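Asks: Take a look at the letters that make up each chain.
There are 2 protein chains.
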Amino acid sequence: MAVTINDVARLAGVSPSTVSKVLNNWSTISPATAEKVHEAIRKLDYTPNARAVSFARQSTKNIAFLTAITRNEAYKNPHMFDIMCGVHNELEKENYSLMLIDSSRETYPGETAEKIISQKSADGIVVHGSAINESVGNYLVKRQFPHIIIGHPNFSSRLCWIDTNHALAGEFAAEHMISCNYTNVAFVGGRKSDLISVQRERGFLGLMGKYGYRVPQSHVIHTDSSVGEAAAAALTLLSKKNPPRAIVCENSQIALGVSKGIEKTGKSVPKDIAFLTFDTYPYSGVIEPKPTIIDINMYDMGVQAGQVMLRKLENPSLQVQSYTTLPVLLQGESTEMWESS
Amino acid sequence: MAVTINDVARLAGVSPSTVSKVLNNWSTISPATAEKVHEAIRKLDYTPNARAVSFARQSTKNIAFLTAITRNEAYKNPHMFDIMCGVHNELEKENYSLMLIDSSRETYPGETAEKIISQKSADGIVVHGSAINESVGNYLVKRQFPHIIIGHPNFSSRLCWIDTNHALAGEFAAEHMISCNYTNVAFVGGRKSDLISVQRERGFLGLMGKYGYRVPQSHVIHTDSSVGEAAAAALTLLSKKNPPRAIVCENSQIALGVSKGIEKTGKSVPKDIAFLTFDTYPYSGVIEPKPTIIDINMYDMGVQAGQVMLRKLENPSLQVQSYTTLPVLLQGESTEMWESS
DNA sequence: AAATATATGGAAAACGTTTTCCTAAATTTG
DNA sequence: CAAATTTAGGAAAACGTTTTCCATATATTT
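Keeping their order, the protein sequence lines are chains R and S. Number 134 in the numbering used here belongs to position 134 of the first sequence; there are no gaps in the numbering. Number 146 in the numbering used here belongs to position 146 of the second sequence; there are no gaps in the numbering.
Hints were generated in silico from the structure; no laboratory data involved. A hint or two may mislead.
Identical chains blur together in the list; that is why a pair holds if it fits in one copy or across any two.
[Claimed, not checked] In silico SDA-like pairs for lysine to any residue, Cα to Cα no more than 25 Å straight-line:
hint	residue 1	residue 2
1	Lys142	Pro48
2	Lys115	Asn95
3	Lys76	His152
4	Lys61	Glu92
Note that the coordinates shown come from a computational prediction; the quantities given were computed from them, not determined experimentally.
Take the sequences, apply the hints, and build the full model.
Replies: Here is the structure:
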């Protein structure tokens, strides 16, 4: 039925192994023979059977991307697809494909990863830190199975991971504010139980303090990350006797609320009051004016993860360290260099 | 190195073919033998090599999901991941995996699809209507290659597709408004070049007219889908001598703007003015009050696509028709049953 | 001119299953 | 009780490549 390497060999008058060598650009084939083979391939419209190649090479050219998938995933985790796209686009360069695998129904963390490794259905594995346990982690390290963990795992190991650093992003926020000459800055955060919010707050407050601009307690407000509470927070801050010159909003939803609150006061941004926020998604696109953002680009994080994966695929014994994706400042119109009078 | 079916056979004292039959639940194996084999499998911690199974079965148990992937994909196409998750979760039930494949760099529509089919690297293909051409389409049909097209292709064929119906969603909007006794309704749409916007508008205006509530030209405003223009549109509408009782917003960004505009007028929703919008993503989550939404759930669309795919995988000769994902009304607080006085 | 090195391409094993027969034993039937 | 049927399990082919050797022919060196 389907045309195989043998058909090509017969038509070209060579052996199947020669065809294979031509296909894989071996140097031991003369240009003349190669041309004959290519001619036959063209005539027969031959494509190697990927399943047979996988089998013979003992490699699927597939990488598994494990994450917990639920209904409305994009809503709950707007970043995951971006990470995945970054990984994909990097792996694609070396002809690897990315398989989306759900880890949400596993009975213990690491079950899915284990299955993939033992089945050998993928050459490598990209997995969220929460979907892996210590035993599988150690297995990955011991077997030198190419892997990269998104977000560092909550157990110590010699796994290779890549993570964001939200405290650092908080420090970036402080640095930007100070560089604009805003030294009287407030912080509107999310819930105190929200780890990311807490880290950003710590980084921000820490660096402000280090520069000598300690942020008073009254300039730090925690909300439920809703637009309404954030707007109220902005109104509270701006009605103080000593209102802040700028506000750091812990996420884009808060920023949307804060910008709304500011609008209500009639003050103009950034002339009277400046603000910045973190993350491009999901809401910064509808905030007016276009906000200055400290962004941790998830696509870039995916690209980095992909690069690490490619290196590990090439050399599984490679001792690769772990990485942190650096935040990036996206200058918008909600902050500007301020010539304080 | 790795333990194979032969090791299991040797330990269990049977032939490899018997082990295979046990693995695949053949009925021609006695319970006693099966137990012996399972025992050996357990002892050796054996897992069949997926690459070898793929090869022997001539099936990869992989389905390719083709879409044009770019940087910031989630931002540009917030729906794609939801569709993908829906497809995934459905396919997972029959142990199929989903491979994410980029079609953005192909030199002609259908190139990527062709490659996958000729390589036999997937058992089926889910592809966006824009990433396929007529010749590949006909090839899919002729070869009975399991496929499902997301969004119907722009050429006629006997392909199997699944699509949304935005005109129908527009009709749903009209129906809901009328059922609330809002008969004086305005429409704020996107650009006239935006196909989805135009379809929703046509459906909405059409049904309003059919019910005898023709919407005057002056109650239809086109914007660039920005928050600013949408807010301005709302202000324009509400300052007319005969302002609308309700507004249909063509997308969530417009709805965000309209709600902002309404807020500026000081009118209350839905007491004085009602509105509804389409799509849950990306912005409806931050609109206040919680809007009534005509939603076309993309995850559900993916689930439907996955179901069709499973049926085609089981029986490739199946003549499956194409499907339309129906819109769903999500009642929010921006509309209510109105007792007009 | 003989000896050695190099270039080219083929034969055959290997990859690890599944699946199609086929056989021998066990069971049923007349 | 013999013949027919059913059952259980094994032998071997098949799936389509890659890759390791090996053989031959040609080129190079002494």
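Asks: If a hint holds in the structure, say so; if it does not, say that too.
Replies: Results for each hint:
no.: 1; hint: Lys142 to Pro48; in the structure: between (34 Å within a copy, 21 Å between copies)
no.: 2; hint: Lys115 to Asn95; in the structure: both (23 Å within a copy, 12 Å between copies)
no.: 3; hint: Lys76 to His152; in the structure: within (20 Å within a copy, 28 Å between copies)
no.: 4; hint: Lys61 to Glu92; in the structure: both (10 Å within a copy, 20 Å between copies)
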